[in-house]
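Protein sequence lines, in the order shown, are assigned to chains H and C. Numbering of the first sequence is given in this note's numbering, commencing with residue 1 and proceeding in unit increments. Numbering of the second sequence is given in this note's numbering, commencing with residue 1 and proceeding in unit increments.
These aren't lab readings, by the way, just hints derived from the structure by calculation. Careful: at least some of the hints might be erroneous.
To be verified - Dumping the calculated DSSO-like pairs for lysine-lysine here, alpha-carbon to alpha-carbon at most 30 Å:
| # | chain 1 | residue 1 | chain 2 | residue 2 |
| --- | --- | --- | --- | --- |
| 1 | H | Lys212 | H | Lys243 |
| 2 | H | Lys212 | C | Lys50 |
| 3 | C | Lys50 | H | Lys50 |
Claimed, not checked - Chain H is faced by these chain C residues, among others (derived, beta-carbon under 8 Å):
| # | residue |
| --- | --- |
| 4 | Phe3 |
| 5 | Thr33 |
| 6 | Lys212 |
| 7 | Glu232 |
The beta carbon of each residue, even a glycine, is placed where N, CA and C say it ideally should be.
Protein chains: 2
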Amino acid sequence: MDFTSERRLDDGVLEREFTLGEIPGILWTPGSTSEPAPLILLGHPGGLGKMYPRLVARAQRSAAQGFAAATIELPGSGDRPRSAAAEQARADLRRALEAGEPVSDEIVDALILPLVDQAVPEWRATLDALLALPEIGGPVGYAGGVIAIGVRLAVVEPRIAAAGLFAGSFVPRSMFEEARQVTIPLHVLLQWDDEGNDRQAALDLFDAFGSKEKTLHANMGGHTGVPQFAGEDAAGFFARHLK
Amino acid sequence: MDFTSERRLDDGVLEREFTLGEIPGILWTPGSTSEPAPLILLGHPGGLGKMYPRLVARAQRSAAQGFAAATIELPGSGDRPRSAAAEQARADLRRALEAGEPVSDEIVDALILPLVDQAVPEWRATLDALLALPEIGGPVGYAGGVIAIGVRLAVVEPRIAAAGLFAGSFVPRSMFEEARQVTIPLHVLLQWDDEGNDRQAALDLFDAFGSKEKTLHANMGGHTGVPQFAGEDAAGFFARHLK
Numbered sequence: 001m002d003f004t005s006e007r008r009l010d011d012g013v014l015e016r017e018f019t020l021g022e023i024p025g026i027l028w029t030p031g032s033t034s035e036p037a038p039l040i041l042l043g044h045p046g047g048l049g050k051m052y053p054r055l056v057a058r059a060q061r062s063a064a065q066g067f068a069a070a071t072i073e074l075p076g077s078g079d080r081p082r083s084a085a086a087e088q089a090r091a092d093l094r095r096a097l098e099a100g101e102p103v104s105d106e107i108v109d110a111l112i113l114p115l116v117d118q119a120v121p122e123w124r125a126t127l128d129a130l131l132a133l134p135e136i137g138g139p140v141g142y143a144g145g146v147i148a149i150g151v152r153l154a155v156v157e158p159r160i161a162a163a164g165l166f167a168g169s170f171v172p173r174s175m176f177e178e179a180r181q182v183t184i185p186l187h188v189l190l191q192w193d194d195e196g197n198d199r200q201a202a203l204d205l206f207d208a209f210g211s212k213e214k215t216l217h218a219n220m221g222g223h224t225g226v227p228q229f230a231g232e233d234a235a236g237f238f239a240r241h242l243k
Numbered sequence: 001m002d003f004t005s006e007r008r009l010d011d012g013v014l015e016r017e018f019t020l021g022e023i024p025g026i027l028w029t030p031g032s033t034s035e036p037a038p039l040i041l042l043g044h045p046g047g048l049g050k051m052y053p054r055l056v057a058r059a060q061r062s063a064a065q066g067f068a069a070a071t072i073e074l075p076g077s078g079d080r081p082r083s084a085a086a087e088q089a090r091a092d093l094r095r096a097l098e099a100g101e102p103v104s105d106e107i108v109d110a111l112i113l114p115l116v117d118q119a120v121p122e123w124r125a126t127l128d129a130l131l132a133l134p135e136i137g138g139p140v141g142y143a144g145g146v147i148a149i150g151v152r153l154a155v156v157e158p159r160i161a162a163a164g165l166f167a168g169s170f171v172p173r174s175m176f177e178e179a180r181q182v183t184i185p186l187h188v189l190l191q192w193d194d195e196g197n198d199r200q201a202a203l204d205l206f207d208a209f210g211s212k213e214k215t216l217h218a219n220m221g222g223h224t225g226v227p228q229f230a231g232e233d234a235a236g237f238f239a240r241h242l243k
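The shape of chain H in the complex, shown without the other chains (with noise of 0.2 Å):
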């Protein structure tokens, strides 16, 4: 892991850029810390440059709370090379949501399964690397979309604690049975008018999910329009579990 960038936000947050081989990141870290603070793993649907603003908003609150924050560029999302394979299943995908066809579970393996394959790798790698640092300590948490990659983490990395999961991208029929393995507290956040979205796979998956303690927080505005307090929600959660 190389740092290439470091600069203090104006709460005295650390936002460090790096990159672990190919893959650019950035981590977060209180202005005050004096032990290692726990972690949260901010998932996205790809492209930082795009999500940056959002993504430092959450770093943020995260680190008011005393937690260091993290993310990764998505395989084939950003400056990362893409794959034919992946821009092909996004072109289906836009071809059938622009003639308003249902998106086949074809087209929703060809798009994530790959995705996940190689970003769960890489996310574990990036653990590796950051909980190497004398500043970050566990418990780890993982927040955010693509869901699919929450499940997986979830499922095969012992090291993730609980998962805020944010239920607004595709869900590969193979993932309800990996859903069923999860044992972590979890709590799903679903965006109950989102048009893009399969409300009724979010709640089948929801029901999927093996974990004793899982919590789904529905709420209204669409997509990109989770309200402030449902993020206040989530960092109760994590709060709760990663203290």
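Got chain H; can you put chain C on it based on the hints?
Okay, now just chain C, sitting in the frame of chain H:
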């Protein structure tokens, strides 16, 4: 409204039992109040005696936030006279549940609709009396079950500014039309694994509400196992809307 008893709880909250005509009720006010307190009406499934431990806990949590809280006995519950029709509906319900049969719309209508028709005017009369007390101000919230009572109150009673509803009881089909007329902010609590409750009906009802701000919180723990953090989230909802 006649006060029949008065005592101070450990945390300084003043608990007063009252009667309004034939209806018994309880009013809780914060220990230290400089100005009139906003009021939360505590809904419950009937049986003040049996429900008291949970009601007083909710009232004390509300009082800690500066809210007064009040509840009344439901028609046909506790020491109030039974109606033959309601007793018949309860017996029919019990029989259906014990036989593992689906609960018919007829049973739900017979059980809930007369209860709503009688309880809602009683709540409104109670509200008149409470708001005449100098220590109680507005705005007013309704919190709890029976959800059909909360829906009707939200439609017909303009003094109710926000409602936290517990989706844990049967909902007559005709209430879905009323739900569409609700416009106040709503916070709906659903116990996801509540075997005695129709989860799909609860989700359909949430979908039907006309409110621009509506939030659904689903948790595990069975009908009576609402987790403590769910109470804290609901408290945050009322703090946002009644202050």
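Status of each hint after checking the structure:
{"no.": "1", "hint": "H:Lys212 to H:Lys243", "verdict": "19 Å, holds"}
{"no.": "2", "hint": "H:Lys212 to C:Lys50", "verdict": "28 Å, holds"}
{"no.": "3", "hint": "C:Lys50 to H:Lys50", "verdict": "55 Å, violated"}
{"no.": "4", "hint": "Phe3", "verdict": "37 Å, violated"}
{"no.": "5", "hint": "Thr33", "verdict": "26 Å, violated"}
{"no.": "6", "hint": "Lys212", "verdict": "6 Å, holds"}
{"no.": "7", "hint": "Glu232", "verdict": "7 Å, holds"}
Of the hints listed earlier, those the structure fails to meet are numbers 3, 4, 5, in rising order.
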